[in-house]
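Q: For reference, the chains in residue letters:
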Amino acid sequence: MNRYQKVAWFNLIVIATTIIVTTTAIAVEFHMRGYSTVGAFFVGILVLLKFTPYLFKKPESRSGVVSDERDDLIAARAVTYAWAAFWWLFVGSCFLLWFIIGPQNSVPTIALPLMALGGGLFHKVACSVAILAQYGRTGKGEQP
Amino acid sequence: MNREQKRALAIVIGMSLAFVLCVAAFVIHRLADASPKPLLILASVALGTGVIVSFRFKPDEGAVTSDERDKLITKNANLAGFGAVYLFIILASFAPIGILGEKASIPVTSLPFLLVGAGLCQAFAFFVAILVQYGRRGQG
Chain P
1202 MNRYQKVAWF
1212 NLIVIATTII
1222 VTTTAIAVEF
1232 HMRGYSTVGA
1242 FFVGILVLLK
1252 FTPYLFKKPE
1262 SRSGVVSDER
1272 DDLIAARAVT
1282 YAWAAFWWLF
1292 VGSCFLLWFI
1302 IGPQNSVPTI
1312 ALPLMALGGG
1322 LFHKVACSVA
1332 ILAQYGRTGK
1342 GEQP
Chain R
192 MNREQKRALA
202 IVIGMSLAFV
212 LCVAAFVIHR
222 LADASPKPLL
232 ILASVALGTG
242 VIVSFRFKPD
252 EGAVTSDERD
262 KLITKNANLA
272 GFGAVYLFII
282 LASFAPIGIL
292 GEKASIPVTS
302 LPFLLVGAGL
312 CQAFAFFVAI
322 LVQYGRRGQG
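As given, the protein sequences belong to chains P and R, one line each in that order.
Position in the first sequence (first residue = 1) + 1201 = the working numbering.
Position in the second sequence (first residue = 1) + 191 = the working numbering.
Keep in mind the hints are simulated off the structure, nothing from the lab.
Computed from a predicted model, the values in this text were never measured in an experiment.
Hints should not be assumed to be uniformly reliable.
[To be verified] Lysine-lysine pairs mimicking DSSO-like chemistry, simulated, CA-CA at most 30 angstroms apart:
hint	chain 1	residue 1	chain 2	residue 2
1	P	Lys-1259	P	Lys-1207
2	P	Lys-1325	P	Lys-1251
3	P	Lys-1259	R	Lys-262
4	P	Lys-1207	P	Lys-1251
5	P	Lys-1259	R	Lys-266
6	P	Lys-1325	R	Lys-262
7	R	Lys-266	R	Lys-197
8	P	Lys-1325	P	Lys-1207
9	P	Lys-1325	P	Lys-1258
10	R	Lys-266	P	Lys-1207
11	R	Lys-262	P	Lys-1207
12	R	Lys-197	R	Lys-262
13	P	Lys-1207	P	Lys-1258
14	P	Lys-1325	R	Lys-228
15	R	Lys-249	R	Lys-262
16	R	Lys-266	P	Lys-1251
17	R	Lys-266	P	Lys-1258
18	R	Lys-249	R	Lys-197
19	P	Lys-1325	P	Lys-1259
20	R	Lys-249	R	Lys-266
Build out the structure end to end from the sequences listed, making use of the hints.
A: Now the structure itself:
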C-alpha cells in the first residue's frame, strides 16, 4: 500500500468516524433534551484531515521515490472524478430541496454552509474512493 | 496566439463586459430606481457574443494542434476553475447569514441561481487561468 492509498484510507476513516459520532451525539442529545447543540463540536474531528502531511511523510532520502507517472495519473483522474461527482451532488441537492420542500417555501440560511461542508466532505470521499478503486484491491508493484 | 487563447480571450472579454453591465444595472436600479432591463439585455448580448465568437475560431492548421504543455495548461485551468467554484460556494453560503442573519431564511427557488453563479465562476476562472498560463507573448 503506497502513500496515496494510506492517505485515502485515512480520509475515509476520519470522515466516516465524524459522521457516525456526530450523528450519534445529535440523536442522543435530541432524545434527552429535545434539541441538540453538540453536533458542531464533533465536526472538529475533521481537523485530523489537515494532519495527513505529518502523519504520512514523504521519504526524505534522495533515493526515496514518492510517486511515478502512474500515481500522478491516478491522482489527477481521482480529482477529476471527484469534481464531476461534486457537481452532480451540487445540482442534485439544489433541485432536490426545491422538489422536497416545494417552490413556495424557504430554507434557513444556516442550511447553506452545511451544504458547502457536506459538498466538501463528499468531494474528499469521492476522491479517496476513486484513488482506492483505481489502485485496485491487490498491490501491483507498489513499494511501501 | 493559438486557438485556445483566442477562445479564452473572447469569452473573458464577453463575461467581463456582462459582469460590468450587470453591476451597472444593479446600481442604476438601486440608486436611480430605473429599469435595469436594457442593461441586462445588453449583458446577455455581450455574453452570447463572446460565446459565439469563441466557436467561430477555426482549429489550427496542421496535424498536431496541441502538445503536452497545452494539456497541462488545460488540466491546471480545470483545477483553477474547480477551486474557484468551491470558493464561490463558500462565499455564497455565508453571504446570506452575514446579510440576513442566522435566523432568517431564503426562498428555495433562489438555490438554482447558485448553480448558475458557480458555473459562470468556473468558466471565468478556467479561461482566465488559460490566458495567464500562456502568458502575454507567444512562447514557441
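Q: For which of the previously enumerated hints does the structure constitute a violation, in increasing order of number?
A: 14
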